[in-house]
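Number of protein chains: 2
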Amino acid sequence: MAFLRGSLNYVWCTTSVLGKGATGSVFQGVNKNTGESVAVKTFNPYSHLRPQDVQMREFEALKKLHHENIVKLLAIEEDQEGRGKVIVMELCTGGSLFNILDDPENSYGLPENEFLLVLEHLCAGMKHLRDNNLVHRDLKPGNIMKFISEDGQTIYKLTDFGAARELDDNQAFVSLYGTEEYLHPDMYERAVLRKQINRSFTANVDLWSIGVTLYHVATGNLPFRPFGGRKNRETMHQITTKKASGVISGTQLSENGPIEWSTTLPSYCHLSEGLKTLVTPLLAGLLEKNRENTWSFDRFFQEVTLILRKIVLHVFFTNRTTSVEVYLEPDEQIDNFRDRIYLQTEVPIEKQILLFNNEHLESRVMSSSISKAFPTTTAESPIFLYSNDDNNVQLPQQLELPKFPVFPTNVSVENDASLAKAACSVGHECKRRIDTFTSMDMLMKRGVEQFIAMLITTITLLLKKTNHIENLLTTTLDYADAVKRLGNMTKNGHELKPILSKLYDLKPNFDVAADVIMQMHKRFVVEDALNDQWSSSMHGKRCPCRTRASPRAKYLVERLRDSWQHLLRDRATRTLTYNDEQFHALEKIKVLRNGDRIKTLLLDDVKPAVAQMAECLADWYKLAQTVFLKTQILEKDIRDYERKLNDLRDKLYHIKSEMKADESTRTNANNNILSKNMQKTLIKKCTNNTRKYWK
Amino acid sequence: MAFLRGSLNYVWCTTSVLGKGATGSVFQGVNKNTGESVAVKTFNPYSHLRPQDVQMREFEALKKLHHENIVKLLAIEEDQEGRGKVIVMELCTGGSLFNILDDPENSYGLPENEFLLVLEHLCAGMKHLRDNNLVHRDLKPGNIMKFISEDGQTIYKLTDFGAARELDDNQAFVSLYGTEEYLHPDMYERAVLRKQINRSFTANVDLWSIGVTLYHVATGNLPFRPFGGRKNRETMHQITTKKASGVISGTQLSENGPIEWSTTLPSYCHLSEGLKTLVTPLLAGLLEKNRENTWSFDRFFQEVTLILRKIVLHVFFTNRTTSVEVYLEPDEQIDNFRDRIYLQTEVPIEKQILLFNNEHLESRVMSSSISKAFPTTTAESPIFLYSNDDNNVQLPQQLELPKFPVFPTNVSVENDASLAKAACSVGHECKRRIDTFTSMDMLMKRGVEQFIAMLITTITLLLKKTNHIENLLTTTLDYADAVKRLGNMTKNGHELKPILSKLYDLKPNFDVAADVIMQMHKRFVVEDALNDQWSSSMHGKRCPCRTRASPRAKYLVERLRDSWQHLLRDRATRTLTYNDEQFHALEKIKVLRNGDRIKTLLLDDVKPAVAQMAECLADWYKLAQTVFLKTQILEKDIRDYERKLNDLRDKLYHIKSEMKADESTRTNANNNILSKNMQKTLIKKCTNNTRKYWK
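Chain order of the listed sequences is A and B.
The first sequence begins at 0 in numbering that gives the first Met the number 0 and counts up one residue at a time.
The second sequence begins at 0 in numbering that gives the first Met the number 0 and counts up one residue at a time.
Hint data in this document are derived by calculation from the structure and do not stem from the laboratory.
The structure displayed is predicted, hence computed values, not measured ones.
Where hints are given, some of them may not hold.
With beta-carbon atoms standing in for the labels, derived distance ranges [what the hints assert, rightly or not]:
no.: 1; chain 1: B; residue 1: 112; chain 2: A; residue 2: 444; range: 49 to 55 Å
no.: 2; chain 1: B; residue 1: 531; chain 2: A; residue 2: 358; range: 18 to 24 Å
no.: 3; chain 1: B; residue 1: 631; chain 2: A; residue 2: 66; range: 54 to 60 Å
no.: 4; chain 1: B; residue 1: 646; chain 2: A; residue 2: 444; range: 43 to 49 Å
no.: 5; chain 1: A; residue 1: 534; chain 2: B; residue 2: 531; range: 37 to 43 Å
no.: 6; chain 1: A; residue 1: 297; chain 2: B; residue 2: 607; range: 44 to 50 Å
no.: 7; chain 1: B; residue 1: 98; chain 2: A; residue 2: 358; range: 18 to 24 Å
no.: 8; chain 1: B; residue 1: 631; chain 2: A; residue 2: 358; range: 52 to 58 Å
no.: 9; chain 1: B; residue 1: 132; chain 2: A; residue 2: 448; range: 17 to 23 Å
no.: 10; chain 1: B; residue 1: 534; chain 2: A; residue 2: 378; range: 54 to 60 Å
no.: 11; chain 1: B; residue 1: 289; chain 2: A; residue 2: 568; range: 58 to 64 Å
Calculated lysine-lysine pairs in the DSSO-like style (CA-CA distance at most 27 Å, straight line) [said to hold, decoys possible]:
no.: 12; chain 1: A; residue 1: 464; chain 2: A; residue 2: 629
no.: 13; chain 1: B; residue 1: 371; chain 2: A; residue 2: 71
no.: 14; chain 1: B; residue 1: 598; chain 2: A; residue 2: 553
no.: 15; chain 1: A; residue 1: 464; chain 2: B; residue 2: 629
no.: 16; chain 1: A; residue 1: 643; chain 2: B; residue 2: 463
no.: 17; chain 1: B; residue 1: 650; chain 2: B; residue 2: 629
no.: 18; chain 1: A; residue 1: 650; chain 2: B; residue 2: 501
no.: 19; chain 1: B; residue 1: 650; chain 2: A; residue 2: 506
no.: 20; chain 1: A; residue 1: 444; chain 2: A; residue 2: 350
no.: 21; chain 1: B; residue 1: 31; chain 2: A; residue 2: 598
no.: 22; chain 1: A; residue 1: 650; chain 2: B; residue 2: 463
no.: 23; chain 1: A; residue 1: 420; chain 2: B; residue 2: 62
no.: 24; chain 1: B; residue 1: 444; chain 2: A; residue 2: 371
no.: 25; chain 1: B; residue 1: 371; chain 2: A; residue 2: 444
no.: 26; chain 1: B; residue 1: 444; chain 2: A; residue 2: 463
no.: 27; chain 1: A; residue 1: 31; chain 2: B; residue 2: 598
no.: 28; chain 1: A; residue 1: 463; chain 2: B; residue 2: 650
no.: 29; chain 1: A; residue 1: 31; chain 2: B; residue 2: 463
no.: 30; chain 1: B; residue 1: 629; chain 2: B; residue 2: 463
no.: 31; chain 1: B; residue 1: 464; chain 2: A; residue 2: 521
no.: 32; chain 1: A; residue 1: 521; chain 2: B; residue 2: 650
no.: 33; chain 1: A; residue 1: 540; chain 2: B; residue 2: 371
no.: 34; chain 1: A; residue 1: 650; chain 2: B; residue 2: 598
no.: 35; chain 1: B; residue 1: 598; chain 2: A; residue 2: 506
no.: 36; chain 1: B; residue 1: 464; chain 2: A; residue 2: 464
no.: 37; chain 1: A; residue 1: 464; chain 2: B; residue 2: 31
no.: 38; chain 1: B; residue 1: 463; chain 2: A; residue 2: 463
no.: 39; chain 1: B; residue 1: 635; chain 2: A; residue 2: 464
no.: 40; chain 1: A; residue 1: 62; chain 2: A; residue 2: 84
The beta carbon of each residue, even a glycine, is placed where N, CA and C say it ideally should be.
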């Protein structure tokens, strides 16, 4: 065990390297007494050449900082073999954000939740630095560590304060690490281009680095990309210094070619539209070179706090089979929510049917409720949006799939690993799309269930109400008859006539509505016709939940990654034996085969299956929406009848009260019988009404 | 690569051993053309000494078999260096059932679903053997492989047909593998005890092995355990041959001590009570030595089919915070379900409140529905059972936790790995209990939500109905007044009196009920008092969901397993360097520390927290149950009032119809005003009614 080193309380093995930098290396070690795993930073001979106070500054900075989002200092001890001081820190088992972004899974950036976590933790860590009057000066993904706590939660933590300085301490800074892509243009000028400049670096050199880092996290790419990459230093400097306000990326696609500027995040970025509209101005603010418009730290904290405190509501827009994330201020209400939905889906507010947990959202959320008090939604259990206006269902437009790399047949240990990595990256993109289609499948089905449940409740309540009104109407007619007879004996008789005629008029109209409701109840509640239609149209469909497309995709991506890892190991070995070369060639065959399989799964299986489901859904919704519209009309009519009935009854009561019981009686030949003319009119009206419900 | 071997289309490395047996070894290999991973069985020199036809029989058996639950034969090829034939089979990446049962996670048997999967697949594989007229003769967990398909599903497959014979081929069989625990007593006698016996082995030698295997899978232990284990052959033989019918296990706990017989599965077995009642007779049938009572193969298939076709309904019994699994025949109905619940919980049928998806189960399931058509339940989304009789809530009794092993301080590479494994086994048991408590936490909360939602729906509907009846009552009173006035003018007046008095009587009684309903609606729907009480009593409680106890337990068990693996590697190394010995000692410290932590988490954190929750739930349910009982009384009363009202109205109509409009009028001094006496009686009645609702 010649690789074992130690200090008073810790040992570490120099073969388990966690990271390497200009001043030293970081190894995984353990506490000799407890067995606790730690990270040990040792310094190389070069670093010891630095002035003593410069060396001490990293220790001093670390000792000052105590925050959940700063990697915790456990001890500073002496290497037992006289190699100088070592820094013992808590171990961040998730690696650095650099490693995470370097993984082919994240070639197009991190998922929304992880992006928000980085944003929150980076901001909180930076605030702690700021509160301690420190500038980090070397912020970049490699210095942001992913700590996984014992309860399985991710905490991002800042580390490596080798370049940190007290604010106003304007000592020359030289980027030792070759990660100049994240440097503020002024810093870049001095550290990379070695120009003398007379400006002092304020804390916002860190803000710029945060901006570049966040862009990288959101998209998987750097925002400023000169052709040829890092070597093209002049163009890099030009891009960052020439860029206009509001521009958040600049790319040079050919040698000496033009810079393509953009003020928006690229389409392949995974963030939701709702979050993009919040993040884009943040990035523009951070990547602001112009001193006058530069954000202050406080402004940065404030803007991030505004984003992070928002309430996210997950909506599934059924007519477009699309998940929509709506970011609301905590005190915004359902009207604001509907507004925001309109902006993101173009469904007008009055045409939005919003369902949650089998009922209208408004049954749960009062108009005065603030978004904090809304029910909790998730991507899997969202609010379902149906358009009352549009009975079609369309799949969302999809970006073209990135191309799988082409492998040359000869073995090249140098290239093959990179090509396999590129294949993994496409494989992951295929898997993400398959997962999205699978959740579409699930959400379409849930959306149908919700709509049916809502209709069943609506129709059942409507039928109950109708039965009650029927009962009331019968009683009122009897009542009217009694009052009429009384009227025959009194002088108030003439006032009764219009009331009675209205009442008689009400009855057959109401009966038509009641009959329609009974039929609807029979068809859509008792016989469950909407469910039947859906089930029979979906019968035997190869939907991705049923064909288990997601676990299949997971399997294929894992195999792609296995091959990539094999080729990576081969690259590390450099020269292969004859046998190893055979295995190397086999892995390339597997990459091609598995790449092909996952692509086929997406394009020839899952995608057409979901398209077919969307067609079934469209057919089903044409009926369901008609039923819904009909219930709306019927609800209104039944309410009208109820109001009219109550009104007529009140009038009857009024007349009856005014009647003098001792007045003389008059007979009425038409008692209890409608005139022939009245009957004809009624039949005509009924027919018209029936037509209205079944149009 | 001296370890690389090959055949025409396959290569394998002799360092990647999957398994070793008496006739040969199984290695992981790959197809040279496709890179597909396979298992390659090679034969050792000893096996080649067997007669050629015996050697060929394994190949012949394999070639005959084509079934999902038999490991697939891919090829039989010649070793390129002349070592004889090799069998190439599909690779089962999940290892053998022996490996699975050997894992400390499964020290007390597999979980219910996995048990059922083994049962199903083992039975289907055996059926295929039987259909091909084959007896396996060496069935045991080591010959049952876990195949994980590309879509992530587990398929168990039979393998190793080295000992398989055609039925009636009664050739002597010698257990070469030393796994005699699974042998039928007759086989044991001949193969292990080397006695000459004159009985022929029928297919049910396999049934016995299946019985022992299933007992092992269900409990993690062998059913027949002589003191001293395998070496104690005579006792082993005694146990299996002397055991009575119905006995499924026999254990000897001390040297030459008595055998403890059992007819039931042990209490530590994880299977649900519902499943245990089905599996115990199955095991008793399989482990039947007595030739007269021995099951036939057909009987076995039939019994397993009966078990597997059952519908499982998951119930959470809130008053005992216990999950209950009910196994129903596919054509059984809700009455059978309630019967079965009574048997498993002792809650009488008429006292069972069953809720699913926020409503009474009966709203979804008609009494004629068969269990196949019941809504799908899962352990996380069960039917909630509340007792209408018992307003208390108690945690279920818990078995004592197995003891963590004590580590001697000196390093013993031989023992330490075994002790660490035992510690892992206890750690896994702690984790399982923490997970159970966590799901109790979740289910108690969901149960409360469901009950509240059900009450809100009930009260809301009741209020609606009450309002309708109020409206109807007002109208009927007006109507009565009109008829009364008519009556004053006619001779039918005297018939009216009792009807009117009943109607006047109804009004104040109904008003009391209506008032109570309105108050209940205000308190429990508008003000959501039940929710408030629950939230405020739960406020700040350390429930395991909130403290993330489950992921913590997962973390600690993973650490325990890491240490176990480290100590296992040390055991394989045998002699440790000084440094390695230090690390070895550290791992022991970690085992103790992490073992202690997971135990503390269970006993001092999670368990008291859930006990406290159960107290909150009990307090809450005392109120909630009262409210529920009250709504039941009110529902009945309101139905009564409605019936009475309709009845009175019909009588009024009848009288009115019979009245002759031209009769002379009579005045009634008491018109519209109740007598002093009647008023007194009414007030007394109302007070009584109020008391009834609020007792």
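Hints, one by one, checked against the model:
Judged by the Cβ atoms, the range 49 to 55 Å given for residue 112 of chain B and residue 444 of chain A is violated: they are separated by roughly 24 Å. In this structure the hint that residue 531 of chain B and residue 358 of chain A lie 18 to 24 Å apart at CB holds, the actual value being about 22 Å. A beta carbon spacing of about 57 Å between residue 631 of chain B and residue 66 of chain A agrees with the range 54 to 60 Å that was offered as a hint. Remark: the range hint 43 to 49 Å for residue 646 of chain B to residue 444 of chain A is upheld by a beta-carbon distance near 48 Å.
About 41 Å separates the C-beta atoms of residue 534 of chain A and residue 531 of chain B, a value consistent with the hinted range of 37 to 43 Å. Under the hint 44 to 50 Å, the C-beta atoms of residue 297 of chain A and residue 607 of chain B, about 45 Å apart, fit the expected range. One distance hint, 18 to 24 Å for the beta-carbon pair residue 98 of chain B and residue 358 of chain A, is violated here, with the actual separation near 50 Å. As the Cβ distance of residue 631 of chain B to residue 358 of chain A is approximately 24 Å, the hint placing it in 52 to 58 Å is violated.
For the hinted restraint 17 to 23 Å between residue 132 of chain B and residue 448 of chain A, the CB-CB distance of approximately 50 Å leaves it violated. Distance hint for residue 534 of chain B and residue 378 of chain A: a CB-CB separation of about 26 Å, inconsistent with the stated range 54 to 60 Å. As the Cβ distance of residue 289 of chain B to residue 568 of chain A is approximately 60 Å, the hint placing it in 58 to 64 Å holds. Proposed proximity of residue 464 of chain A and residue 629 of chain A is supported: the alpha carbons are some 16 Å apart, at most 27 Å.
Our distance criterion of 27 Å between C-alpha atoms is broken by residue 371 of chain B and residue 71 of chain A, whose separation comes to about 57 Å. Annotation: proposed proximity of residue 598 of chain B to residue 553 of chain A is violated, straight-line Cα distance about 35 Å (limit 27 Å). Note on residue 464 of chain A and residue 629 of chain B: the hinted pairing holds, with a Cα-Cα distance of about 24 Å set against a maximum of 27 Å. About 19 Å separates the Cα atoms of residue 643 of chain A and residue 463 of chain B, which keeps this hinted pair within 27 Å; it holds.
Distance check on the hinted pair: residue 650 of chain B and residue 629 of chain B sit about 31 Å apart at the alpha-carbon level, beyond 27 Å; violated. This hinted pair checks out: residue 650 of chain A and residue 501 of chain B have alpha carbons roughly 26 Å apart, not beyond 27 Å. The hinted pair formed by residue 650 of chain B and residue 506 of chain A meets the criterion: a straight-line CA distance of about 22 Å does not exceed 27 Å. For the given pair, residue 444 of chain A sits about 22 Å from residue 350 of chain A by alpha-carbon distance, which is consistent with the 27 Å threshold.
A threshold of 27 Å between alpha carbons decides the hint, and for residue 31 of chain B with residue 598 of chain A the separation of about 24 Å falls inside it, so the pair holds. Distance check on the hinted pair: residue 650 of chain A and residue 463 of chain B sit about 24 Å apart at the alpha-carbon level, within 27 Å; holds. Between residue 420 of chain A and residue 62 of chain B the alpha-carbon distance is near 41 Å, which puts this suggested pair outside the 27 Å criterion. As the CA atoms of residue 444 of chain B and residue 371 of chain A are separated by approximately 20 Å, the hinted pair is consistent with the 27 Å bound.
Taking the CA atoms of residue 371 of chain B and residue 444 of chain A, the gap is about 20 Å. The hint holds against a cut of 27 Å. Among the hinted pairs, residue 444 of chain B with residue 463 of chain A is inconsistent with the structure: their alpha-carbon atoms are about 32 Å apart, more than 27 Å. About 24 Å separates the Cα atoms of residue 31 of chain A and residue 598 of chain B, which keeps this hinted pair within 27 Å; it holds. At roughly 24 Å between alpha-carbon atoms, residue 463 of chain A and residue 650 of chain B fall within 27 Å of each other, so this suggested pair holds.
Pair hint residue 31 of chain A plus residue 463 of chain B does not hold up; C-alpha atoms about 72 Å apart against a cutoff of 27 Å. Restraint check: the Cα-Cα separation between residue 629 of chain B and residue 463 of chain B comes to about 17 Å, which is no more than 27 Å; the hinted pair holds. Annotation: proposed proximity of residue 464 of chain B to residue 521 of chain A holds, straight-line Cα distance about 22 Å (limit 27 Å). Of the supplied pair hints, the one linking residue 521 of chain A and residue 650 of chain B is violated, its CA atoms being roughly 32 Å apart against a limit of 27 Å.
With a CA separation close to 22 Å, the supplied pair residue 540 of chain A and residue 371 of chain B stays within the 27 Å bound. Distance hint between residue 650 of chain A and residue 598 of chain B is unfulfilled; the C-alpha atoms sit about 77 Å from each other, more than 27 Å. Of the pairs offered as hints, the one joining residue 598 of chain B and residue 506 of chain A is violated, with about 74 Å between alpha carbons and a cut-off of 27 Å exceeded. Only pairs whose Cα atoms come within 27 Å are accepted, and residue 464 of chain B paired with residue 464 of chain A is accepted, the gap being roughly 9 Å.
Distance restraint check for residue 464 of chain A and residue 31 of chain B: the Cα-Cα separation of roughly 75 Å exceeds the 27 Å cut-off, and the hinted pair is therefore not satisfied. Proximity of residue 463 of chain B to residue 463 of chain A is assessed by CA-CA distance (about 10 Å); at most 27 Å being required, the pair is judged to hold. This hinted pair checks out: residue 635 of chain B and residue 464 of chain A have alpha carbons roughly 19 Å apart, not beyond 27 Å. A threshold of 27 Å between alpha carbons decides the hint, and for residue 62 of chain A with residue 84 of chain A the separation of about 14 Å falls inside it, so the pair holds.
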